[in-house]
Amino acid sequence: MDAESTRVSTPTVARASTWRRWLLRYEVLLLAVLVVEWLLFYHFGTTTNRRGVTVGFGTLDRQFDILRHSCEIGLLALALTPVILTGGIDLSVGSLLGLCAVVFGGLTHVLGLPLPVAAVVTLLVGAAAGGINAGLICQLRLPPLIVTLGTYSLFRGLAEAFTRGSVTYSDFPASFLTLGQGRWAGIPVQAWVFLIVAVGVWVWVHRTFSGRAFRVIGFSPEGARYAGVGVRGQLTAAYVAAGVIAALAALVYSSRLGQAKADAGLGYELFAITAVVLGGTSIFGGRGTVTGTLLGVAAIAVLKNGLATLPVVMRMNAAEELAGLLTGALLLAALAAGKLAERWRRSSAG
Amino acid sequence: MNRWIRELSVLGVLALLLAYLAWRAPAFFQLQPLLSLLAREAPSLVVACGVAMVILVRQIDISVGSQFSVCSVVAGVLAAAGWPLAAVVPVALLAGGSLGLVNGLLVAWLGLPSIVVTLATLVALRQGLNLVRQGEFVNLPERIQWLGLPQAQGQWLLITGAVALLALLAWGLRHLAVGRWVYAVGSDAEAARLAGIRPRVVTLATFVLMGALTGIAAVMNVVQSPQVQPLTGSGLELKAIAAAVVGGVAISGGRGTLWGVLAGLLLLACISPAMVHLRIDAYWEKAIQGLIILAAVMVEGVRQRRNHGR
Amino acid sequence: MPLRFVASLLLVSLGASLGWGAADSKLMVALLPKSKGNAYFISCKAGSERAARDLGVELLFDGPVDSNAAKQNEIVENWITLGVDVIAVAAENREGISTALRKARSQGIQVVTFDADAMPDARSFFVNQATPQGIGEALMDEAARLCGGEGEFAIICATLTAGNQREWQREIERRRQDRYPGMKLVGVRPCDDLKDRAQSEATALMSAHPKLRLIMAICSPAVPGAAEAVKQAGKKGAVRVVGLGLPNENRRYVKEGVTDTVILWKTEDLGYLTVQAAVALARGELKPGASSFKAGSLGEFRVEGDNILLGKPFLFTRENIDQFDF
Numbered sequence: 001m002d003a004e005s006t007r008v009s010t011p012t013v014a015r016a017s018t019w020r021r022w023l024l025r026y027e028v029l030l031l032a033v034l035v036v037e038w039l040l041f042y043h044f045g046t047t048t049n050r051r052g053v054t055v056g057f058g059t060l061d062r063q064f065d066i067l068r069h070s071c072e073i074g075l076l077a078l079a080l081t082p083v084i085l086t087g088g089i090d091l092s093v094g095s096l097l098g099l100c101a102v103v104f105g106g107l108t109h110v111l112g113l114p115l116p117v118a119a120v121v122t123l124l125v126g127a128a129a130g131g132i133n134a135g136l137i138c139q140l141r142l143p144p145l146i147v148t149l150g151t152y153s154l155f156r157g158l159a160e161a162f163t164r165g166s167v168t169y170s171d172f173p174a175s176f177l178t179l180g181q182g183r184w185a186g187i188p189v190q191a192w193v194f195l196i197v198a199v200g201v202w203v204w205v206h207r208t209f210s211g212r213a214f215r216v217i218g219f220s221p222e223g224a225r226y227a228g229v230g231v232r233g234q235l236t237a238a239y240v241a242a243g244v245i246a247a248l249a250a251l252v253y254s255s256r257l258g259q260a261k262a263d264a265g266l267g268y269e270l271f272a273i274t275a276v277v278l279g280g281t282s283i284f285g286g287r288g289t290v291t292g293t294l295l296g297v298a299a300i301a302v303l304k305n306g307l308a309t310l311p312v313v314m315r316m317n318a319a320e321e322l323a324g325l326l327t328g329a330l331l332l333a334a335l336a337a338g339k340l341a342e343r344w345r346r347s348s349a350g
Numbered sequence: 001m002n003r004w005i006r007e008l009s010v011l012g013v014l015a016l017l018l019a020y021l022a023w024r025a026p027a028f029f030q031l032q033p034l035l036s037l038l039a040r041e042a043p044s045l046v047v048a049c050g051v052a053m054v055i056l057v058r059q060i061d062i063s064v065g066s067q068f069s070v071c072s073v074v075a076g077v078l079a080a081a082g083w084p085l086a087a088v089v090p091v092a093l094l095a096g097g098s099l100g101l102v103n104g105l106l107v108a109w110l111g112l113p114s115i116v117v118t119l120a121t122l123v124a125l126r127q128g129l130n131l132v133r134q135g136e137f138v139n140l141p142e143r144i145q146w147l148g149l150p151q152a153q154g155q156w157l158l159i160t161g162a163v164a165l166l167a168l169l170a171w172g173l174r175h176l177a178v179g180r181w182v183y184a185v186g187s188d189a190e191a192a193r194l195a196g197i198r199p200r201v202v203t204l205a206t207f208v209l210m211g212a213l214t215g216i217a218a219v220m221n222v223v224q225s226p227q228v229q230p231l232t233g234s235g236l237e238l239k240a241i242a243a244a245v246v247g248g249v250a251i252s253g254g255r256g257t258l259w260g261v262l263a264g265l266l267l268l269a270c271i272s273p274a275m276v277h278l279r280i281d282a283y284w285e286k287a288i289q290g291l292i293i294l295a296a297v298m299v300e301g302v303r304q305r306r307n308h309g310r
Numbered sequence: 001m002p003l004r005f006v007a008s009l010l011l012v013s014l015g016a017s018l019g020w021g022a023a024d025s026k027l028m029v030a031l032l033p034k035s036k037g038n039a040y041f042i043s044c045k046a047g048s049e050r051a052a053r054d055l056g057v058e059l060l061f062d063g064p065v066d067s068n069a070a071k072q073n074e075i076v077e078n079w080i081t082l083g084v085d086v087i088a089v090a091a092e093n094r095e096g097i098s099t100a101l102r103k104a105r106s107q108g109i110q111v112v113t114f115d116a117d118a119m120p121d122a123r124s125f126f127v128n129q130a131t132p133q134g135i136g137e138a139l140m141d142e143a144a145r146l147c148g149g150e151g152e153f154a155i156i157c158a159t160l161t162a163g164n165q166r167e168w169q170r171e172i173e174r175r176r177q178d179r180y181p182g183m184k185l186v187g188v189r190p191c192d193d194l195k196d197r198a199q200s201e202a203t204a205l206m207s208a209h210p211k212l213r214l215i216m217a218i219c220s221p222a223v224p225g226a227a228e229a230v231k232q233a234g235k236k237g238a239v240r241v242v243g244l245g246l247p248n249e250n251r252r253y254v255k256e257g258v259t260d261t262v263i264l265w266k267t268e269d270l271g272y273l274t275v276q277a278a279v280a281l282a283r284g285e286l287k288p289g290a291s292s293f294k295a296g297s298l299g300e301f302r303v304e305g306d307n308i309l310l311g312k313p314f315l316f317t318r319e320n321i322d323q324f325d326f
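Chains as they are written, first to last, in this note's numbering: chain A, 1 to 350; chain B, 1 to 310; chain C, 1 to 326.
In isolation and in its complexed conformation, chain A is listed as follows (with noise of 0.2 Å):
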């Protein structure tokens, strides 16, 4: 949306549209769609339960707790983000959590690297994982989709063998363990994590070349190649940076479950799809924000851990499917209403 708005704005626009505009702009009714969300929930959500404690979603703790099950989703919405960007797709993200994290238990337990070392490594190993699919991808000019496809079959065979399925890795040292139990400055140490990767990512998508290199492929792929853009190079950054994003998720979860087993991470690839979109990036590409996917992710990380804490599903015990079912309608009404919001500016443009 952002891309479109910025297009049609002409100095002539009167400042009462300008306005209107604003309000009109996907990340606005998102934003106001997550409000609503978190005022709900927080209205039904707390109680005071009968030992005389608040509890429930209005709870720091309970604010604490949604940061930290959201945060290795978070982290892969976001190195998908300028993968679809250039009109790609990833979806062995997911599978390479799961291969990454027995990567890592296997250095530090089999091998008995020590732990920096190791996760140097698995973050290596996570770059070399998207290095193969930007091989593939541009090297070959196969399709995303089908590559990936294939990759998400290859990435978690891989962790399943050299596991043999069963071998779990814990009993990390209580250090590592911080990553995904502690605190720091009386906040989950991932979120700092998760903080400093999005302003990353934000600053790479916004205010680099690169970020507007990879609107222009996910546009017109032939059309950047004739502006100067490297394609190759763009693509392949954005598919690298995907797979070490998930390789630092594998490390965060790893942490926050005390565990590395070759199941990790197993279907996030699509609830980190459903964020980016959620956050009003085209699947197409060309169109998209950081601020969006962002946003995507806690409209659907409010909505799944606010509604476990409602004491009418609580009792239904079928928060999961609830969850579910909403975060599907969620995504088709978001998209409905952007289309229909898109139709009528241009109706009323013209």
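Be aware that one or more of the hints could be misleading.
[Stated by the list, open to error] Far from chain B by the CB rule (all over 10 Å, computed), these chain C residues:
hint	residue
1	Gln107
2	Pro132
3	Gln169
4	Arg174
5	Val188
6	Asp196
7	Glu249
8	Ile321
[As the list claims (entries may be wrong)] Below, computed lysine to aspartate or glutamate pairings styled on DMTMM-like, alpha-carbon distance capped at 25 Å:
hint	chain 1	residue 1	chain 2	residue 2
9	C	Lys211	C	Glu268
10	C	Lys255	B	Asp281
11	C	Lys103	A	Asp171
12	C	Lys184	B	Asp281
13	C	Lys312	B	Asp281
14	C	Lys71	B	Glu136
15	C	Lys71	A	Asp61
16	C	Lys266	B	Glu136
17	C	Lys235	B	Glu142
In short, the hints are calculated from the structure, not lab data. We put the CB at the ideal spot given by N, CA and C, even for glycine.
Using the hints provided, position chains B and C relative to the given structure of chain A.
Quick look at chains B and C alone, frame taken from chain A:
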């Protein structure tokens, strides 16, 4: 000859695998287990045909697995309630068709991206079914299994039925005007529109057809055992898409044949039993599947590059 | 506009403080299965609901749809913030869940485990129906009995990564080495908890291993799947089927003689006993060091250390399966 090169190359790989099996594990070629394997894959073939046609019009449907589960449970519950099969089949067809209609309307009329629409319906249908059934099996009456026929006849009927359906669709795609519309819309929707085709109608019809095929496939699966598990069909979307792609259907639309899909599905279906026969540990299975998908698309990529080079 | 916003915010927080609140003072017990769609835990639920009715407590029963350690942690943390009184957990991942359970205990919530234990310092009691050892021995003993102590057999499991499945396989193997060296394990295949896939896998196993005498299905959807494959292959009696499952899902195969034995703890009793123990713990009636425990209509149970023992597994066979409906 050159036209069928993609299909033939998949068949070649399949032939290699079968030849290796014939050498190392001849026990693979026994009638009953093979018949059983093919009958079990017959519903997947029907679903894969539907998915391939959706890909041909340059869309995708990742909600087939959930659609399949819903149709299976609907068919199962009705059959368990004593409905005759003649009444269950149309209802399953209708159920699948209307699920396809929902996807199709959102994609064709609102112009929403199909991968996102069907991602949403994938999750919503699966979780909705979980909410309603809580994983409980449906027990079917005895007469439903094998459509009341002896087992071997029932299996043959399912296999020939699926292949006949595929042949019919493949013939229609090639020789009927409607079939050519599918390719036209998939290659270039705008050009198709200028040529007097209505891309929206074609897209919508393809989604509805895919849903209906999924409904048929669900019944073909239900009649093979006396119980329906609501989880059935989870992961089917990946299998169907992989079969189409390995079989040479271009994900960018407009290119590929259903015979290729048949070859692709046969190849994928043989991997798992082949590993059992070759005594390879199950841990390697997913990795090998991934490699085969990658190898198939790499062949395609290399070939295209060479053609471009000329 | 901002004013109105602040006003509504105030109103909302006011509503929240009055809100749902401490309306009922019933004891709240929360039960967390490994996966709630699994028939095994569905029948656990029936028993736990009966106990909750008997005792007049409120029962929450929620878990992942698939066996998923990360989701289990999230659910426990939800319950901590809700402020339930007792949490009973069937742990998918021993270490993973223990962090969350310790947190619950530090906030005054009582914790017991059932079905699969967490770390001992993360709970007060473990309602022990099914040590992996017990399961492994029961399955292997029954398999060896049916095969006369020698022959090839194969295992169909849920996934290659599920923790309990791996543990059972280790115990099965240990028992085989100790007692039945004549039995030979020729293959382990996963079925992703899908009955249809279990059927395909069983078909492939039978054709690849012509001397196969028995299929052991160690996840509940795999038992009817394997039985259907044996039936379709016409190998009833030649290839035996044993497994862990529920009577209702396997009744027709047991009666036809395709499946010989379905092994299960009386899962309803497990659910009942768990809730009884949880409530007794919360009310201070069950204390560490107790040597026996009286659980409502089920009578006395032995307590060994901090394990409450449910007793031996139950073998459902052709003769007795009609007495059960779950």
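Do the hints match the structure? See the list:
1. Gln107: Holds: least Cβ distance 30 Å, greater than 10 Å.
2. Pro132: At about 21 Å from chain B, Pro132 of chain C clears the 10 Å cut-off, so the statement holds.
3. Gln169: 12 Å, holds
4. Arg174: At roughly 20 Å from the nearest Cβ of chain B, Arg174 of chain C sits farther out than 10 Å, so the non-interface label holds.
5. Val188: Given that some Cβ of chain B is not farther than 10 Å from that of Val188 of chain C, nearest at about 6 Å, it is violated.
6. Asp196: At about 6 Å from chain B, Asp196 of chain C fails to clear the 10 Å cut-off, so the statement is violated.
7. Glu249: Non-interface label fails for Glu249 of chain C: nearest chain B Cβ at 6 Å, not farther than 10 Å.
8. Ile321: 14 Å, holds
9. C:Lys211 x C:Glu268: Violated, at roughly 38 Å.
10. C:Lys255 x B:Asp281: 34 Å, violated
11. C:Lys103 x A:Asp171: 18 Å, holds
12. C:Lys184 x B:Asp281: Roughly 16 Å separates the two Cα atoms, so the pair holds.
13. C:Lys312 x B:Asp281: Not satisfied, since the Cα-Cα distance of roughly 33 Å exceeds 25 Å.
14. C:Lys71 x B:Glu136: 21 Å, holds
15. C:Lys71 x A:Asp61: The given pair, whose Cα atoms are some 18 Å apart, holds under the 25 Å limit.
16. C:Lys266 x B:Glu136: The hint holds at about 18 Å.
17. C:Lys235 x B:Glu142: Holds. Lys235 of chain C to Glu142 of chain B sits at ~20 Å (cutoff 25 Å).
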